[in-house]
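Colleague: So the sequences go chain by chain: S and F. Heads up: the first sequence at position 168 corresponds to 168 in the UniProt record's numbering, and the numbers run straight through without jumps. Heads up: the second sequence at position 156 corresponds to 156 in the UniProt record's numbering, and the numbers run straight through without jumps.
These are calculated hints, taken from the structure and not from any lab test. Do not rely on the hints blindly, as some may be mistaken.
[As the list claims (entries may be wrong)] Here's a subset of chain S near chain F, in silico, CB distances under 7 Å, partners left out:
hint	residue
1	Y29
2	I47
3	I57
4	S58
5	C66
6	R107
7	A154
8	N177
9	S180
10	G193
11	G194
12	F196
13	A200
14	I236
15	H275
For every residue, glycine included, the Cβ atom is placed at its ideal position computed from N, Cα and C.
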Amino acid sequence: MKEIHIDTITSEVEKLCIDACCNIGDDVYNSLKKAMDMEESPSGLGILHQLIENIEISRRDVTPICQDTGMAVFFLELGQDIHITSGYLYDAINEGVRRGYTKGYLRKSVVLSGIDRINTMDNTPAIIHTSIVPGDKLKITFAPKGFGSENMSAIKMLKPSDGIKGIKDFVFETVNNAGSNPCPPIILGIGLGGTFEKCALLSKQALLRNLDEENPDPNLALLEKEILNEVNNLGIGPQGLGGRVTCLGVSILSYPTHIAGMPVAVNIQCHASRHKEIIL
Amino acid sequence: MAQHILSSPFDYDLSSVNIGDSVLLKGYIYTGRDAAHKRLYELASENKPLPVELKNQAIYYVGPCPAKPGHIIGPCGPTTSGRVDKYTPLLLDMGLKVMIGKGFRSKEVVDAMIKNSSIYLAAVGGAGSLIAKCVKESSVVAFEDLGTEAIYRLYVENLPTIVAIDTKGNNLYVEGIKKYKR
């Protein structure tokens, strides 16, 4: 059985935190550059230009692309033939967050409870989703989530008869309600099916796909293109001040559901679409 | 769309500044977000003195990252303004002249802006590292215990913003979207 020491996990998580917050992926960078060709609004163009420049400064200075370095969300794929040694896996992740957010000068934004709102001062606890998978590898994906966009996300339990139109209408309603708050241009993660909680999780997992990757399901790929086109016709534009580019990409994940239901979740992601992974 | 260079304090008429205009800000501004606003509001409601004088000043809704060694401030882009709307009309009545943030404002805020001839400027959300370059001085002036939510006094130069709501209550978040909707 393969063994992984918790210290390895902690040090990798520490690096992931800093890397993800300061080095935004090329998919987003290139997509913003492409968006410059499409944008018609002069202020929209100015904003896109600032966003591109901001990414370049962040990479050069190793500073976070956005001051909201998010709540630390992890997706773990844990091979069933692995043995984690010398401690508890989740403690190792949280210690990595503690170190990464301090060493990287990242903002600590987590409060102990929704009611007393006392800052935990180390950005823990992290949100950790674990899947047990075959094999002897541990894949750690870190996707910090800022709350400008998280706050504007929504879930709805549609009826089966609502169909594709029902799904689309809910997406447009969510994006319209969000307006400028999630810092457009946005990226949409959409979960279809499952149960209430599975659907919300799917919508967040959908955001892990890079903007330059196609959906492997041709029906979903088509639906994504249609939604992208129609969202960009809403006119919200960069920062919600009006313009052509409201959304950089749509990513849908679907799961079987119950005969009686059609859950739909929309997780809105700002242009600071940060996610980095490591396989141990 | 005009371009303006505006200096703080704003002891002058802002009625010639219109929605969609671009503004480069210069001077001292205060930061403040949810928790700091709650405290300012509570002090003001009880007629207690505020730790900062708001008359003709600007508040920037921001919670910066810690500054790296050699940096004045960490990334400091705007946070969603609507979360402090509950507290804003009172602060406007106390003389607050300029607000910098991102996103919609409530009707109550817009009404209080018209009454007090104030403007609301949109900074670019997510452009934290770029905006940090515009900050030339930074010090905590109140509520230090709130950490990133403390009130800082910043000296900014050429901070790029767009006029989102003007003194007449015109709203770029409404008009801009109307213009590009298909």
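Colleague: Hint by hint, say whether it matches the structure.
Modeller: Tested hints:
1. Annotation: interface hint on Y29 (chain S) violated; nearest CB of chain F at approximately 13 Å, more than 7 Å.
2. Because the smallest distance between the Cβ of I47 (chain S) and any Cβ of chain F comes to about 5 Å, under 7 Å, the interface hint for this residue holds.
3. Evaluation of the I57 (chain S) hint against chain F yields a held restraint, the C-beta minimum of about 4 Å falling below 7 Å.
4. With a least beta-carbon distance of about 4 Å to chain F, the hint placing S58 (chain S) at the interface is held under the 7 Å criterion.
5. For C66 (chain S), the interface hint holds, since its Cβ comes within 7 Å of a Cβ in chain F; the closest pair sits about 5 Å apart.
6. Checking R107 (chain S) against chain F: minimum C-beta separation of about 4 Å stays under 7 Å; hint holds.
7. The beta carbon of A154 (chain S) is not positioned within 7 Å of any beta carbon in chain F (closest approach about 16 Å), and the interface hint is therefore violated.
8. Taking 7 Å as the C-beta contact cut-off toward chain F, the hint placing N177 (chain S) at the interface is violated, the least distance being around 10 Å.
9. Given hint, S180 (chain S) at the interface with chain F, holds; its Cβ is 5 Å from that chain's nearest Cβ, closer than 7 Å.
10. Among the interface hints, the one on G193 (chain S) is violated; its C-beta lies about 30 Å from the nearest C-beta in chain F, farther than the 7 Å criterion.
11. Here the hint on G194 (chain S) is broken, as its CB sits about 29 Å from the closest CB of chain F, past 7 Å.
12. The closest approach between the C-beta of F196 (chain S) and any C-beta of chain F is roughly 26 Å, which is over the 7 Å cut-off, so the hint fails.
13. Interface restraint check for A200 (chain S): the shortest CB-CB distance to chain F comes to about 21 Å, outside 7 Å, so the restraint is violated.
14. Annotation: interface hint on I236 (chain S) holds; nearest CB of chain F at approximately 6 Å, less than 7 Å.
15. Taking 7 Å as the C-beta cut-off, the interface hint given for H275 (chain S) is violated, the closest approach to chain F being about 15 Å.
The structure fails to meet hints 1, 7, 8, 10, 11, 12, 13, 15 from the earlier list, while all remaining hints are met.
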